[in-house]
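Just need the whole structure built from these sequences, with the hints factored in.
Chains as they are written, first to last, in the numbering used here: chain A, 1 to 249; chain B, 250 to 417; chain C, 418 to 818.
Treat the hints as calculated values from the structure; they're not laboratory data.
The structure presented is a predicted model; accordingly, all values stated were derived computationally and were not measured.
This list has only true hints and no planted wrong ones.
In silico DSBU-like links for lysine-lysine, alpha-carbon gap of 35 Å or less:
| # | chain 1 | residue 1 | chain 2 | residue 2 |
| --- | --- | --- | --- | --- |
| 1 | B | Lys307 | C | Lys543 |
| 2 | C | Lys499 | C | Lys573 |
| 3 | B | Lys307 | A | Lys73 |
| 4 | A | Lys227 | A | Lys100 |
| 5 | B | Lys322 | A | Lys48 |
| 6 | A | Lys48 | A | Lys131 |
| 7 | B | Lys322 | A | Lys39 |
| 8 | C | Lys498 | C | Lys573 |
| 9 | A | Lys39 | B | Lys304 |
| 10 | A | Lys39 | B | Lys307 |
| 11 | C | Lys574 | C | Lys498 |
| 12 | B | Lys304 | A | Lys73 |
| 13 | A | Lys48 | C | Lys543 |
| 14 | B | Lys304 | A | Lys131 |
| 15 | B | Lys304 | A | Lys48 |
| 16 | C | Lys422 | C | Lys574 |
| 17 | C | Lys543 | A | Lys131 |
| 18 | C | Lys577 | C | Lys543 |
| 19 | C | Lys543 | A | Lys227 |
| 20 | B | Lys322 | A | Lys73 |
| 21 | A | Lys39 | B | Lys287 |
| 22 | B | Lys307 | A | Lys48 |
| 23 | A | Lys39 | C | Lys543 |
| 24 | B | Lys322 | A | Lys131 |
| 25 | A | Lys131 | B | Lys307 |
| 26 | B | Lys287 | A | Lys73 |
| 27 | A | Lys227 | A | Lys48 |
| 28 | A | Lys59 | A | Lys73 |
| 29 | C | Lys543 | B | Lys304 |
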Amino acid sequence: MSEHKQPDLARREFLGRGAATAGVALAPGVMLYGVVHAKPADEPVSSKVRWGMLVDTSKCSSGCNACVDACNKEHGLGNETHSRDTQRTQYIRKVELRHKFTGATHSLPVMCQHCETPPCVDVCPTGASFKRADGIVLVDRHICIGCRYCMMACPYKARSFVHETLTDQRPHTPRGKGCVESCTMCVHRVDEGRQPACVEACAADGSNAIIFGDLNDPNSEIAQRVKTYASSEIRADLGLNTGVRYQGL
Amino acid sequence: MKRLLQLLSMVVLALTLSAPVFAGDGGRTPLPSIPAAKGDQCVEDTADMRRNHMKYLKHHRDEAMRQGIRTEKHSLKACLECHAPVEGNMAAGGKDAEGHFCVNCHVYAGVTLDCFECHATKPETSAQFHPLVSPATAALKAADRPDSTELLNRLVGVTENKTGVAHE
Amino acid sequence: MKNTKFLEIGSGKGYYGLLALLGAIILAGLGAFFYMEHTGHWVTGMDNQIVWGAPHVFAIFLIVAASGALNVASIGTVFGKKLYQPLGRMSALLAIALLIGGLTVLVLDLGRPDRLIVAMTYYNFKSIFAWNIILYNGFLGLVAVYIWTMLDPTVKKFYKLAGFAAFVWRLILTTGTGSSFGWLVARQAYDAAIFAPMFIVMSFSFGLAVFLLVTMATYNWTGRPLGDVVIRRLKNLLGVFIAGVLYFVMVYHLTNLYATEHHGVQAFILRDGGVFTQAFWIGQILLGSLLPLGLLFCRFTRDSRFWIGVASILVILGGFAQLYVLLIGGQAYPLVLFPGYDVSSSFADGAVNSYSPSLPELVLGFSGIGVAMAMMVVGMRVLRLTPASLADDVADPHHGK
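Put into structure tokens, the structure is as follows:
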């Protein structure tokens with residue numbers, strides 16, 4: 001009765017492309033920073049794309065927490081009732097720097113750096129910590145056993161462990177007790193062609209300190225910027241080729 | 250004599266153990282109370298779903314997570330659109346609450362349900378539309394909901410979660 | 418060489434009393450586990466900065482000691498030393514018992530211990546942890562076969578092969594355990610190749626200390642004779658191993674001190690770390706290494722069973738201190754993301770992290786010791802593992818010459 005054979009690919013593509021065109025035509029006022037073309041839902045991600053972020057620390061101000069607040073809201077973080085502060089999850093945090101010798105100060109957000117050769121992926125005994133083909137590093141919480149070895153291995157202290165039972169998760173970010181989690185580069189948004197929440201919030205705020213895009217696409221804003229201006233990775237000496245790069249450090 | 254007693258005790262034992270069968274439905278055998286779902290029908294045949302829902306979910310979850318294939322047919326998030334607990338129901342409160350479609354049956358069957366340790370037990374907004382309510386209307390409704398809805402949402406600053414653009 | 422007579426240990430009030438005590442410890446540990454698993458790790462002292470705590474200190478001590486406990490058997494089998502051969506069976510069982518005790522604590526501390534079967538079926542072979550799982554289980558199987566070749570005369574011809582295999586396997590296993598720290602590039606205190614050989618020598622030292630204590634206690638409490646020759650040879654060996662550990666620790670710290678980039682963590686451990694500095698100098702070096710060395714070789718104490726026992730206990734405590742400094746101190750010192758900068762954030766960047774173990778964690782840790790000792794006691798009762806006599810005239814291969 002309910003026959004769900006594979007729908008017609010050509011028709012889907014037509015609808016998708018037609019809808020995208022219609023969408024762009026219908027909403028001219030929407031600012032589209034580095035528009036990312038959403039792949040069709042039934043297509044797997046490929047390594048032709050490498051998602052990355054670029055942080056311009058000169059645009060990042062010390063008291064601003066827009067990215068952190070947006071991330072917490074997007075993923076439903078901070079709903080732990082029993083955990084101490086040091087046990088609560090943070091996907092992204094603002095770090096304040098002051099050079100010991102020169103006195104120079106910087107403020108910047110630090111989150112999972114989505115390395116090309118992530119130490120967390122290397123050390124996970126079950127393979128729960130994995131890197132998607134398009135460069136986003138994730139935790140498969142179905143097979144995570146909560147050993148926290150990836151937390152020991154991460155050079156950026158990006159990972160958090162859930163210390164208590166959680167309820168009222170946001171449906172697009174399942175998270176639960178006993179598993180390790182970290183910034184997903186808002187993979188649920190990226191797969192729909194949107195931007196990570198932190199990037200969007202920073203833009204909405206007017207700072208525009210973080211941009212997001214496909215590092216492999218030579219025409220994307222991020223690829224052009226990292227080609228033109230010097231950018232660096234945190235802990236570059238580890239040779240991890242992170243997807244998140246910083247300028248102004 | 251001894252044999253007769255043995256035979257008798259075996260018969261008594263057999264009858265006692267099979268009593269529930271003779272009691273029949275509506276007797277003292279409890280049955281799970283499965284809350285009704287929204288919509289006309291499920292994405293698969295009921296018998297098929299009963300037997301294979303775990304396979305569909307598991308297969309889909311690996312595809313979705315590792316390869317970013319986010320089709321909606323077997324997506325857990327999409328299941329909950331129809332199998333959502335009624336607003337104000339206790340089940341809206343969490344994974345162990347009674348009145349939840351999945352939890353009720355699993356508690357009855359004695360099969361541990363791991364999903365809702367992490368996954369939300371209910372859709373974010375009950376106004377979300379499930380595109381797979383019936384096959385005939387699905388295609389029509391897919392055309393009704395282009396990406397523009399999503400872009401408009403962004404324009405007005407609505408950042409609710411989405412089940413994604415309907416593609417099937 | 419005379420055939421050693423092996424006998425099960427007797428049962429009686431002492432035996433059942435000891436089992437009851439160990440059983441209580443194990444039950445308490447199970448209770449702690451249920452509590453931690455049900456409510457979540459928020460009840461522990463561990464958090465997102467110190468992710469491995471007291472349970473892991475206990476677990477790693479037991480696992481490292483397990484590998485070393487097999488040393489006595491290996492010396493007898495692989496190196497052919499006759500004095501050690503009668504001790505082989507006990508040594509092998511102690512290795513299994515300690516490993517199971519350590520693994521129990523490790524597994525029960527997982528965030529999702531219900532997913533243990535996942536850990537046994539999904540393997541990421543680039544992970545040393547995954548290899549450790551295979552190595553630990555293989556060790557259990559191999560040593561069980563080894564004991565079998567020692568017990569069953571029909572398979573006695575495989576004794577040397579089994580012993581050799583077990584010897585090589587445990588070297589690989591301990592290399593794996595040490596490498597699970599040594600291969601972490603992220604942390605200042607880790608990321609050093611020396612961890613693998615250091616852990617091997619640590620295993621020799623801790624394992625032999627535990628074996629000495631268990632042997633002395635067993636023979637004392639069962640009233641069987643234990644001659645001075647055996648004790649003297651074992652305690653001399655223990656002294657050599659303690660010195661070996663000291664050597665590796667010294668090389669590790671000297672190397673780090675030479676590199677400017679490691680000065681921060683070295684200053685932390687050796688001078689500014691508060692409880693960690695105390696644990697290092699007083700716990701690990703003084704009480705755990707120098708004092709036992711003195712007791713084992715000083716003319717006034719070296720022949721006294723009491724002081725040898727004290728020295729063994731000190732080595733064990735020093736081992737715990739060493740693992741505490743390594744494991745927890747290594748996590749307390751902050752990750753260095755921005756060399757040359759003072760760093761602060763809402764996620765403890767740039768700050769030294771503090772840790773105080775909670776009661777459930779400690780109880781769980783002790784229950785690992787309980788499991789190990791219970792296995793040992795029951796094993797010695799059920800199987801013929803303990804020589805009826807280790808008196809000099811029986812055990813000493815050079816006696817009467």
